[in-house]
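Protein chains: 2
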Amino acid sequence: MQIENLDHIGIVVGNLDEAIKFYQNTFGMKLVHYELIPERGIKVAFLVSNEKNETSIELLEPIDHNDMSNTVAKFLKNRGQGLHHLAIKVSDINRALEELTAKGLQLVDTSPRKGARGHLVAFLHPKSVMGVLLELVQAKEL
Amino acid sequence: MQIENLDHIGIVVGNLDEAIKFYQNTFGMKLVHYELIPERGIKVAFLVSNEKNETSIELLEPIDHNDMSNTVAKFLKNRGQGLHHLAIKVSDINRALEELTAKGLQLVDTSPRKGARGHLVAFLHPKSVMGVLLELVQAKEL
Numbered sequence: 001m002q003i004e005n006l007d008h009i010g011i012v013v014g015n016l017d018e019a020i021k022f023y024q025n026t027f028g029m030k031l032v033h034y035e036l037i038p039e040r041g042i043k044v045a046f047l048v049s050n051e052k053n054e055t056s057i058e059l060l061e062p063i064d065h066n067d068m069s070n071t072v073a074k075f076l077k078n079r080g081q082g083l084h085h086l087a088i089k090v091s092d093i094n095r096a097l098e099e100l101t102a103k104g105l106q107l108v109d110t111s112p113r114k115g116a117r118g119h120l121v122a123f124l125h126p127k128s129v130m131g132v133l134l135e136l137v138q139a140k141e142l
Numbered sequence: 001m002q003i004e005n006l007d008h009i010g011i012v013v014g015n016l017d018e019a020i021k022f023y024q025n026t027f028g029m030k031l032v033h034y035e036l037i038p039e040r041g042i043k044v045a046f047l048v049s050n051e052k053n054e055t056s057i058e059l060l061e062p063i064d065h066n067d068m069s070n071t072v073a074k075f076l077k078n079r080g081q082g083l084h085h086l087a088i089k090v091s092d093i094n095r096a097l098e099e100l101t102a103k104g105l106q107l108v109d110t111s112p113r114k115g116a117r118g119h120l121v122a123f124l125h126p127k128s129v130m131g132v133l134l135e136l137v138q139a140k141e142l
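In the order they appear, the protein sequences are chains Y and R. The numbering of the first sequence is full-length UniProt numbering, which starts it at 1 and goes up by one. The numbering of the second sequence is full-length UniProt numbering, which starts it at 1 and goes up by one.
No lab work stands behind these hints: they were computed from the structure. Take the hints with a grain of salt, since some may be wrong.
Result set (DMTMM-like, lysine to aspartate or glutamate): computed pairs, CA atoms no more than 20 Å apart in a straight line [said to hold, decoys possible]:
{"id": "1", "chain 1": "Y", "residue 1": "140", "chain 2": "Y", "residue 2": "17"}
{"id": "2", "chain 1": "Y", "residue 1": "140", "chain 2": "Y", "residue 2": "18"}
{"id": "3", "chain 1": "R", "residue 1": "30", "chain 2": "Y", "residue 2": "54"}
{"id": "4", "chain 1": "R", "residue 1": "21", "chain 2": "R", "residue 2": "35"}
{"id": "5", "chain 1": "Y", "residue 1": "43", "chain 2": "Y", "residue 2": "18"}
{"id": "6", "chain 1": "Y", "residue 1": "77", "chain 2": "Y", "residue 2": "17"}
{"id": "7", "chain 1": "R", "residue 1": "30", "chain 2": "Y", "residue 2": "4"}
{"id": "8", "chain 1": "R", "residue 1": "77", "chain 2": "R", "residue 2": "67"}
{"id": "9", "chain 1": "R", "residue 1": "21", "chain 2": "Y", "residue 2": "4"}
{"id": "10", "chain 1": "Y", "residue 1": "127", "chain 2": "Y", "residue 2": "99"}
{"id": "11", "chain 1": "Y", "residue 1": "127", "chain 2": "R", "residue 2": "18"}
{"id": "12", "chain 1": "R", "residue 1": "127", "chain 2": "Y", "residue 2": "17"}
{"id": "13", "chain 1": "Y", "residue 1": "30", "chain 2": "R", "residue 2": "99"}
{"id": "14", "chain 1": "Y", "residue 1": "103", "chain 2": "R", "residue 2": "18"}
{"id": "15", "chain 1": "R", "residue 1": "114", "chain 2": "R", "residue 2": "98"}
{"id": "16", "chain 1": "Y", "residue 1": "127", "chain 2": "R", "residue 2": "17"}
If we take Cβ atoms under 10 Å as the criterion, some of the chain Y residues that face chain R in the derived model are [as the list claims (entries may be wrong)]:
{"id": "17", "residue": "38"}
{"id": "18", "residue": "79"}
{"id": "19", "residue": "133"}
Being a predicted model, the structure only gives us computed values, none of them experimental. Virtual Cβ for every residue (Gly too), placed ideally from N, Cα, C.
Go ahead and model the full structure; you've got the sequences and the hints to work with.
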């Protein structure tokens, strides 16, 4: 398996709009995408440092901070704001999941689902990735 | 302030050599740098997904897992393996630190010090970066 690149770093924040302004004003980052994802109970924003770099940051805030069935709300309550997951881009997510399953890795999502930006995504369990919650991303066809 | 790009994602691991093999064998990443940094009590490895992408991952292991004066050993004991810090590249680290101080951000390093790969680095306090331990990196002159 050969990943294409690091797609993004997921960061949980307590207030998405304040966080976007912070990253814009403090580090000059640019907002490239903003999305409400009701089926996952989160709202997200993607920011980049420059147009050339392929790796972005994804800021995530739970829609309902008190919904402890939501993993992001639970993360925010238990660990506070901070680094949440690492996402890598693959060309064929189904094949990647097959390969990783064959290697014995534990999957959170056994089949890809639609994630932010319309991309196909699937998460691997941190226990199988040395403590890192890892997301596979296959870009949607344009 | 305008950052150049995301330089790397720092990931704390319990066994550096095993972690390198894991990222190589599981995701096809390439080892580009390995360094023992005795003055910081850690050994580190940098891996990239491809030559083109500017953002790498840095795997960090404390040299002495029981030295609780070492922040990485403490992190490993208290939180376990996982995402540790985010590093952004700047062209002028002294100017960046001045600007960030003027904006009221709390610094861990008030002046740059030599970090991995001979680069100049300085850490910002997570309290000032919405829970993210942020490292500024200025590439050494070639």
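Taking the hints in turn, this is what the structure says about them:
1. 140(Y) / 17(Y): violated (26 Å)
2. 140(Y) / 18(Y): violated (29 Å)
3. 30(R) / 54(Y): Distance of about 17 Å is within 20 Å: holds.
4. 21(R) / 35(R): Holds: residue 21(R) and residue 35(R) sit about 16 Å apart, inside 20 Å.
5. 43(Y) / 18(Y): Holds - the C-alpha atoms of residue 18(Y) and residue 43(Y) are around 13 Å apart, at most 20 Å.
6. 77(Y) / 17(Y): holds (19 Å)
7. 30(R) / 4(Y): holds (12 Å)
8. 77(R) / 67(R): holds (10 Å)
9. 21(R) / 4(Y): holds (18 Å)
10. 127(Y) / 99(Y): holds (17 Å)
11. 127(Y) / 18(R): The given pair, whose Cα atoms are some 15 Å apart, holds under the 20 Å limit.
12. 127(R) / 17(Y): holds (18 Å)
13. 30(Y) / 99(R): holds (19 Å)
14. 103(Y) / 18(R): holds (15 Å)
15. 114(R) / 98(R): Distance of about 18 Å is within 20 Å: holds.
16. 127(Y) / 17(R): Judged against 20 Å, a Cα distance of about 18 Å means the pair holds.
17. 38: At about 24 Å, which exceeds the 10 Å cut-off, the nearest Cβ of chain R leaves the hint on residue 38(Y) violated.
18. 79: Hint holds; residue 79(Y) Cβ to chain R Cβ min 8 Å, cut 10 Å.
19. 133: Check passed: Cβ of residue 133(Y) comes within 8 Å of chain R, closer than 10 Å.
The structure fails to meet hints 1, 2 and 17 from the earlier list, while all remaining hints are met.
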